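A.B. asks: The task is simple: from the sequences and hints, build the whole structure.
Chains H and A supply the protein sequences, listed in that same order. In terms of the UniProt record's numbering, the first sequence is residues 1 to 319. In terms of the UniProt record's numbering, the second sequence is residues 1 to 423.
A few of these clues could be false.
Said to hold, decoys possible - Restricting the straight-line Cα-Cα distance to at most 30 angstroms, the calculated cross-link-like pairs of lysine-lysine (BS3-like) are:
# : chain 1 : residue 1 : chain 2 : residue 2
1 : A       : Lys238    : A       : Lys222
2 : A       : Lys408    : A       : Lys367
3 : A       : Lys327    : A       : Lys59
4 : H       : Lys68     : A       : Lys327
5 : A       : Lys221    : A       : Lys408
6 : H       : Lys181    : A       : Lys222
7 : A       : Lys408    : A       : Lys238
8 : A       : Lys408    : H       : Lys181
9 : A       : Lys238    : H       : Lys68
Stated by the list, open to error - Here are some chain A residues the structure puts well away from chain H; computed CB gaps all over 10 angstroms:
#  : residue
10 : Asp122
11 : Thr146
12 : Tyr311
Calculated directly from the structure, the hints in this document are not laboratory data. Since the model is a prediction, treat every value here as computed from it, not as a measurement. Glycine is no exception: its CB is placed at the ideal position from the N, C-alpha and C atoms.
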Amino acid sequence: MAEAAISRLKRGTRLRRSLSNYWYAWAMIAPVVVVITGIIGWPLVRGVFLSLTNANEANVERQIGVNKIEATYEFVGLENYLDILGGSEFWDRLGWTLVWTVSCVSITFLIGLGLANMLNRSFRGRTLYRMALILPWAIPAFVSVFAWRMIFNERNGILNNLLEGQGIAGVHWLSDPTWAKLAVIGVNVWLGVPFMLIAMLGALQSIPPEHYEAAEMDGAGPWQRFWNITLPGVRSVSMTVVLLSTIWTFNMFPVIFLLTRGGPAGSTDILVTEAFRLAFIRSPRDFANSAAWGVLILLLLVLFAISYRRALRKQGEVW
Amino acid sequence: MRRSIGTTTAAVAALALAVTACGGGDGGDGGGGAAADGELSGTITYWDTSNETEAAVFKAIAEEFATQHPGVTVDYVNIGFDDAQNRFKNAAAANEAPDVMRTEVAWVADFASLGYLWPLDDTAALENQEDFVPQAWASTQYEGTTYAVPQVIDTLALFYNERLLADAGVEVPTTLEEVKDSTGAFEGAGAVPMYMRGDDPYWFLPFLYGEGGDMVDAEGKKVTIDNEAGIAAFTQMKDMVDSGAAITDTSDGWENMMGSFTRGEVAMMINGPWAINDAVAGLGDDLGVAPVPGGSAGQAAPQGGWNYAIYAGTPEEESPAAFEFVKYMSSAATQQRITEELSLLPTRTSVYDVESVRNNEMVQFFKPAVDVAHERPWIPQAQSLFDPIKENVQGLLIGSASPEEAAKSTGDAYRDILDDWLD
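C.D. replies: Right, dumping it as C-alpha cells:
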C-alpha cells in the first residue's frame with residue numbers, strides 16, 4: 001500500500017514533464033482509464049457507500065413511468081458490518097467457504113498436475129485425450145451443473161440407479177449436508193480440472209527436455225526428476241493459477257446456487273450465495289447488507305492476495 | 001501490478017453482484033395522460049409464467065387479441081414460474097419490464113409497494129369488477145388501490161391413484177392420521193401412501209393450516225409461525241416421513257413427486273389444478289382428487305392463483321392497448337375458454353354458471369375447496385416468508401433441527417424480515 005502511495009507521489013511530480021513529452025501516450029491510455037474507472041471504480045465506490053446505509057429496494061430512488069420515488073435511505077455508518085460480524089451467520093458461512101475453497105483448489109490442482117504429467121509425452125491418440133479432458137470447459141457451466149443435478153437425483157439419478165443395481169443403498173446426494181458438500185466440491189473440481197490441466201501442460205512444456213536428459217544421465221530416478229526438475233519448473237505458473245483458482249472458487253456462485261441452492265438448510269451456502277440471497281431473494285431486496293457482505297468478501301480476498309504475495313516473496317519468488 | 005488488477009476485477013465481480021440491482025430507475029416519461037382515441041395501437045409485451053402445458057393455450061389466447069385489433073402487436077414471452085418475481089423486479093428497476101405481467105397473488109403487494117404497478121381503478125382494464133370472486137379480488141388490493149386483475153384462482157388438494165387405493169382397500173383419507181394408518185395396507189401393493197414435498201415451502205402450508213396455525217397475523221402485526229400450532233405442523237411433517245407414510249426429497253421435488261406418482265410408487269400427492277393435465281396424462285381415469293388431509297384442527301389449504309398486472313412504466317400511448325388487453329384476458333369469455341381447455345378455475349362468479357364450466361369435474365371439485373381456502377397475508381414481504389420455511393423444513397427433514405428448533409428459527413427469521421412490526 002505504502003509503495004503505491006509513494007509511486008503516486010513520484011508520478012505527480014513528473015506529471016508536467018510527461019504531459020508535454022508524452023501527451024500522445026496519455027491520450028492513448030485515457031480510454032482505458034475511463035473504462036476501468038467506469039466499470040470497476042464506480043460500482044466499487046457505490047457498493048462501499050451502500051454498505052454504510054440502510055438502502056433497500058423500497059427506499060432507493062427510482063422513476064417508473066408516472067411514479068417518481070425519491071431516495072429515503074439513510075447513512076448508518078458501520079452498523080451493517082457490526083451486525084454481520086456480531087452474528088453467527090457470517091462466521092458459519094466463512095468456515096464452510098474456506099473448507100470449500102481449500103479443498104476445491106487443492107484437489108483440482110493435484111488432478112490437473114497429474115493429468116498434465118501423463119499427457120506431457122507423446123503417445124497414440126494424445127490429441128483425442130486432450131480434447132476429451134477439455135470438454136467440461138467447453139460446456140457452459142450451468143449446463144454441466146444441471147446435468148450433474150440429474151445425475152445426483154436421489155430417485156431417478158444415474159448414480160443411485162448404479163449403486164442400487166449393485167445392491168448398495170442409494171445415497172442422499174443433495175439432501176444430506178455432508179454428501180451435498182461433497183457433491184458441490186466434486187462438480188466444481190470436475191469443472192476446474194481442464195483449466196489446471198491446460199495451464200500445467202503449458203508449464204511442463206516450457207521445461208527444456210535437456211534438463212531431463214541430463215538428469216537421466218546422472219542417474220536420477222523418476223521421482224527425483226519430478227521433485228527436482230518438474231516441480232521447480234512449474235512453480236511460477238502454479239502460483240499464479242492457484243491464486244486465480246482460489247479467488248474464482250471463493251466466489252464460485254453458479255455451482256452452489258444451481259446444484260443445491262445453498263441447501264439443504266443452508267449447509268452449502270458460501271459467502272457470495274448468501275450475499276445474493278440478501279440482494280435478490282428477499283423482498284424488499286436488502287442492498288445495504290448485501291453490499292456489506294460484498295465488501296467483506298472483497299476485503300478477505302485482498303488480504304489473501306497480499307499475504308500470498310508476501311509469502312511468495314519470502315521464498316524468493318519474483319512475481 | 002498485474003496481479004492486483006486481476007484481484008480487484010474478480011473481487012469486484014462479487015461486489016457488483018450486490019450493487020448492480022440498484023443502478024436503474026432513470027428515464028421514463030412523467031407526462032400527463034393523453035389517451036389515444038379510436039383504434040388501439042402499439043406493442044403489448046406479455047410475460048406469462050404458466051407451465052409448459054398451459055403456455056400453449058395462453059399464448060394462443062393472447063395472440064388472438066392482436067387479430068382482433070390489427071394495430072396491436074402482442075409479444076408473448078413465457079418466462080417460467082421459478083424466477084419470475086426476480087426477473088420482473090430486475091426489469092422493472094431498469095425500465096425494461098413487460099407491459100403486462102402474470103403475477104402470483106402474493107407478488108402484487110410486493111410490486112405495488114415498490115411502485116412498479118399501474119393503479120387500475122377507473123381504467124378500462126377493469127370491467128364488471130363486482131363479478132370477481134371476493135378472495136381473488138382481495139389479492140389485487142394494496143393500501144386500498146387496485147393493482148391487478150384476477151386471472152385464475154387455485155388451492156392445493158389431494159391427488160390420488162384410484163386403482164392403488166382400491167388394490168390396497170383404502171378409503172380416500174380425510175386426515176393425516178388416516179394416511180399414516182394406511183401405510184401397512186399399501187405395503188402389499190408395493191407403494192408408499194404419499195409423496196410429501198420437502199423442497200417447496202408452499203407445500204408446508206396445508207400442514208400449518210391443518211394444525212390451526214398461520215405464518216403471521218398480518219392484522220395484529222404478529223409473527224405466529226412459532227406458536228404451538230406452528231410447532232405441531234413441523235412435528236406432523238417429520239412424523240409423516242418417520243412413520244413411513246410419506247417419502248420426500250429436499251431438492252428436485254416436483255420431478256420426483258410427478259415421477260413417483262405417475263409411476264404408481266406413491267398412491268397420493270398434494271398438488272394444485274395446474275398439475276391436472278400432467279397427472280391425467282400419467283394416470284388417465286385413475287386420477288382422483290379430494291380435499292387435503294386435515295391435521296388436528298381441520299382441513300385447510302392455501303389460496304393461490306394468478307393475476308394480470310400492468311407495469312407502471314408502460315408508455316402512456318400504449319397504455320390503452322394494455323388496459324384493453326388485460327380486460328380481454330380477464331373477461332368472462334376468455335376465462336371460460338381457459339377452463340374448458342385447461343381445467344383451471346375462473347375468477348369470475350358468472351363463469352361458474354356456464355354449463356361447460358359447471359360440468360367440469362375438476363371445477364366441481366376445486367370450487368368448494370377454493371371457497372374455503374386459507375387466504376395468505378397480502379403484504380409486500382409475503383414472498384420472503386417462504387425462504388425461511390424452506391430452509392427450516394429442510395433442516396427438519398435431514399434431522400439437523402427438532403420441530404421446536406425449526407419453528408423458532410423460522411419465527412426469528414420472520415422478525416428479522418418484518419422488522420417494522422412490534423413483535
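A.B. asks: Against each hint, give a clear statement of whether it holds in the structure.
C.D. replies: Here's how the hints hold up against the structure:
Taken as a hint, the lysine 238(A) and lysine 222(A) pair is honoured in the structure, with Cα atoms around 26 angstroms apart against an allowance of 30 angstroms. As the CA atoms of lysine 408(A) and lysine 367(A) are separated by approximately 35 angstroms, the hinted pair breaks the 30 angstroms bound. For the given pair, lysine 327(A) sits about 16 angstroms from lysine 59(A) by alpha-carbon distance, which is consistent with the 30 angstroms threshold. For a cut-off of 30 angstroms, the pair hint linking lysine 68(H) to lysine 327(A) stands: about 26 angstroms separates their Cα positions.
Taken as a hint, the lysine 221(A) and lysine 408(A) pair is honoured in the structure, with Cα atoms around 17 angstroms apart against an allowance of 30 angstroms. With a CA separation close to 36 angstroms, the supplied pair lysine 181(H) and lysine 222(A) exceeds the 30 angstroms bound. Between the alpha carbons of lysine 408(A) and lysine 238(A) the distance comes to roughly 16 angstroms, so the proposed pair stays at or under 30 angstroms and holds. Pair hint lysine 408(A) plus lysine 181(H) holds up; C-alpha atoms about 26 angstroms apart against a cutoff of 30 angstroms.
In summary, the hint linking lysine 238(A) to lysine 68(H) is not supported, as the alpha carbons are separated by about 48 angstroms, beyond the 30 angstroms threshold. With a minimum CB-CB distance of about 14 angstroms to chain H, aspartate 122(A) clears the 10 angstroms threshold, and the non-interface call stands. Every C-beta of chain H lies more than 10 angstroms from that of threonine 146(A), the closest at about 16 angstroms, which supports listing it as non-interface. At the 10 angstroms boundary, the C-beta of tyrosine 311(A) falls inside the reach of chain H, the nearest C-beta of that chain being 7 angstroms off.
When held up to the earlier numbered hints, the structure conflicts with 2, 6, 9, 12 and fits the remainder.
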